[in-house]
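Just so you know, the sequences run in chain order R and H.
According to my numbering, the first sequence holds residues 1 to 244 in order.
According to my numbering, the second sequence holds residues 1001 to 1696 in order.
No lab work stands behind these hints, which were simulated from the structure alone.
We treat Cβ as the ideally placed atom computed from N, Cα and C, and that holds for glycine.
Careful: at least some of the hints might be erroneous.
Simulated restraints on C-beta separations [said to hold, decoys possible]: (1) H:Thr1454 with R:Gln123: 34 to 44 angstroms; (2) H:Thr1380 with R:Asn69: 13 to 23 angstroms; (3) H:Gln1472 with R:Gln57: 34 to 44 angstroms.
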Amino acid sequence: MMRQTILVGLIVICAALWGCTRKNTSAVGPTPTAFGTALVESSGGKQIGGVGTTLPQPVVVQVNDDQGNGVAGAPVEFTGPRGVSFDPASGVTDSSGQFTTNVMLGSMAGRYQLGASTHTKAQKSVDLKLEEIALGDQERLGAHLDETYCNRCHNPESTPERVSNYDNLEVKPHSFTEGDTLNKMSDADLTAIISHGGPALNKSPLMPPYGYTLKKMEIQALLAYIRMVSDPPYRPAGTYYVQK
Amino acid sequence: MPSSTNKPSLRQILFGSPIRAFGVVSLVFLVSLAIAPAKNHFSEWRHYQNQYLSLIQGRGDAVTLRRHFRGGIQQNWLPELGVVDRCTTCHVGQKEATLTDVGLQPFRRHPVMAHNVDQFGCVMCHRGQGAATTVEEAHSSTLAWEQPILPARYTEASCGQCHRAPLAETPELNLGRNLLAREGCVHCHTIKLPGGDTMKATDDPPSLSHIADKTTREWIYAWLKDPQAYAASATMPNFKLNDDNVRDISAFLVANSTPVAGDAATVSAKPGDTTAGASLYGESFCASCHAVQNAAGNVVGGNVGPELTRVGNKVKPEWLTAWLRNPRVYDPPTGMPHYRFNDQQISTLGTFLLAKSDSDFLANVHLDPATPEQITHGKTLVQEYGCAACHEINGIKRPENFAPELTRIGSKPITQLIFLPGMQHALPNYISAKIRQPRSFGSSLKMPQYTFTTQQIDALTTALLSRTDRAQTIPPALAVTATPESTYQPAGKAGQLMSDLACFSCHKINGRGGDMAPDLSWEGTSVQRAWLQQFLKNPNTLRPALIRRMPKFNLADSEINLLTDYIMTVYQTPAFDRDSIDSSGDSRVQVEQGRQLFYSKYACQSCHIVDPKADKGYVGPTLTQVGSRLTAAWVYHWLKDPQSLRPGTVEPNRNMSDDDARALTAFLMSQRSGGRPGNKAAKVQGERVPRLEARK
């Protein structure tokens, strides 16, 4: 009787294992038919999306050969931090050598480093790094306020719906992504110039004050947004980093 | 079992003698006593708490963090909301401001939010099982629990449980709610709102009772086959009907149509040339409401009225003529204004519009005359597909509860849903799949196919997930209500004229109307009579960059006077008197002081133009002739607190002193079109634009 039980148990375990392994192998996509030597980004990097949402534009990468021409049928695989998903995560390049994937960001606000890779005929891996930004609730509110109040002066680019006022200003403001300048300003300074206008920092009065128009939490949201989108990334001094 | 006689059985070993039995029983007893503490000791949450303690060790802020740390199970009980949360047992660091650099869950600091966790708990927003103390049970839907955690991208759905009005923080939810109303979802699906109202549709599907006057059976056929082939921006979804069904429905609609007296007309004027037509189309600002697809494939223009890219394929020329003369003959409540075009203008515009056609569009539609059987079958189909849920059709009653009610869809138990193979068993996945491709759940389902983008589907899913049991039952005192819909209708002859001109399609007055153009509730306090008269006569503008503007209605002088009188007397703010400040006696000194303030202290030129040669600011309206347009009292009060006069305006409040505001008022009121206001009014035409906040 004991033997029978053991036998049944073994069968069950084997069946379970087999089921698991089968699941793993079934995820393999079409087999590559060609190989390139370089991997470049075509579009889709440095996008800004909301947490857990699909980025507005797909990410497109291209596999090139030595001459810089696209290679069709080459393997590409995407990887990302936990929570990021790709549709599809791997496959082969199309006839122009490109591979397109839709990226859904994870549920935490912040910067997401994505990796794309292909490999050469000699199985040497070629990697490419991309970065995307996921805005949390606070930064999203900041983005909305930027659109409403700040963008027209701070963003030099015009759209049909919104003509930029940047060119009309005698003193030029910075785009909020210009980390080289904005990262040097402390939170207190940024809050001061947003609340009390340019003169608060001995700057031009062309920068109006918003302290009587926006609520405190709205100004904090703008600050969080500015910090989140800055390029290079903002790394505040004086915070404690976990020891690795 | 013969062998048992030789060897002692298990029972004999354990319970052979009373002492042995006692020993065994007490051992079992002791072990079972130890189970609970052991389970506690090895519990998941304790593991996380220990991990947290080692994480904070060695950090500069360890002392503070350790002081804040509370071991053991933490519980937040909010009887009023029916919340029992133990999430903070594992999410220990969620309130720690200094943990900004920790990305590891469950220790991350909670991002800044509008609410306090102690007051609202966690599950109000994130859902999941607050009382559970294992990850699996708290986050996922397990056997005993129904409510899984809400994926981050739908979190705004939870805001919508209490907040019934749009919030700046919830763009996704706002969009989703707009889409539910605008895309016709609520024509078929009832969504009851907590106050007892139902959600109302904001689109305006045309009546089909007189459709044969307007268009041909061939067009109806092509439209029903694929509405988006006619107009890329068409909101009507595709019902995926086969050729026979489309043939029969078109046969029924045409046979069932009754004529309207006076909706067909001809004009004797000579046909206009296309250039004249294009400029009249432009001058009349048709593009504020109607879009046209350009050569690059972009649909450009407003979405208040239907797209006109191929309108020449659709409308009958006589119908178009009558419609341009007065749209209210065919459709009395239409949102299209009654432009007072003369015959020549009607002919010019008509020719221009009819030329907007695509010779291929109806090339392959050849229909034989309809048979009585086809017409009867068409009627059956119209009833089956619920066409009358959206459209008025002679002799067909609007079906009640045509599609499942969605009032509490956000709390629908998963056990009541049927998932497709391979689909994750979660409510958001179910809802979004239903919206994306309704017929994938069964080819006999009637829900039509929409052409939503991923973003729109996410937004719609968010809005539907907000319709939970909690949203329906939350105590009214805790809910943030939306402003009730206004049914304001101006009185008398002026009111009739305003309806005829469809002012409410673009302007809001006393809570009713569109948001394309400025709110006019206090227009009478704000502007000067002579300017208003001139503006209504010829609403030109000095700001050519705007696409959407006030059209010229070709009003008669008597109509202009009627409107002006009404606006000047009725649309007044109760906050102050329009004549309370007299700027006619302002001294040169005061004006000069205002100029200084304008250019130096407040740097208004960053957004406004006073001197067209020097100033370039482009965000706010031009102020070159503001002294002939606005009243001094309005300017003064606007400078003191713009948001009190127009909530949400982007003009910042400068916390100006009374003296500064008065001096600036003096400066601005000195900016006139030359001479005294009134007698030179003819020159100030249209200096002010009905300003469209560009990013609506």
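Evaluated hints:
1. A beta carbon spacing of about 36 angstroms between Thr1454 (chain H) and Gln123 (chain R) agrees with the range 34 to 44 angstroms that was offered as a hint.
2. Checking the proposed 13 to 23 angstroms range against Thr1380 (chain H) and Asn69 (chain R) shows it is violated: the Cβ atoms sit about 60 angstroms from each other.
3. Between Gln1472 (chain H) and Gln57 (chain R) the beta carbons are some 38 angstroms apart, a value that agrees with the proposed interval 34 to 44 angstroms.
In this structure, only the earlier hint numbered 2 is contradicted, and the remaining ones agree with it.
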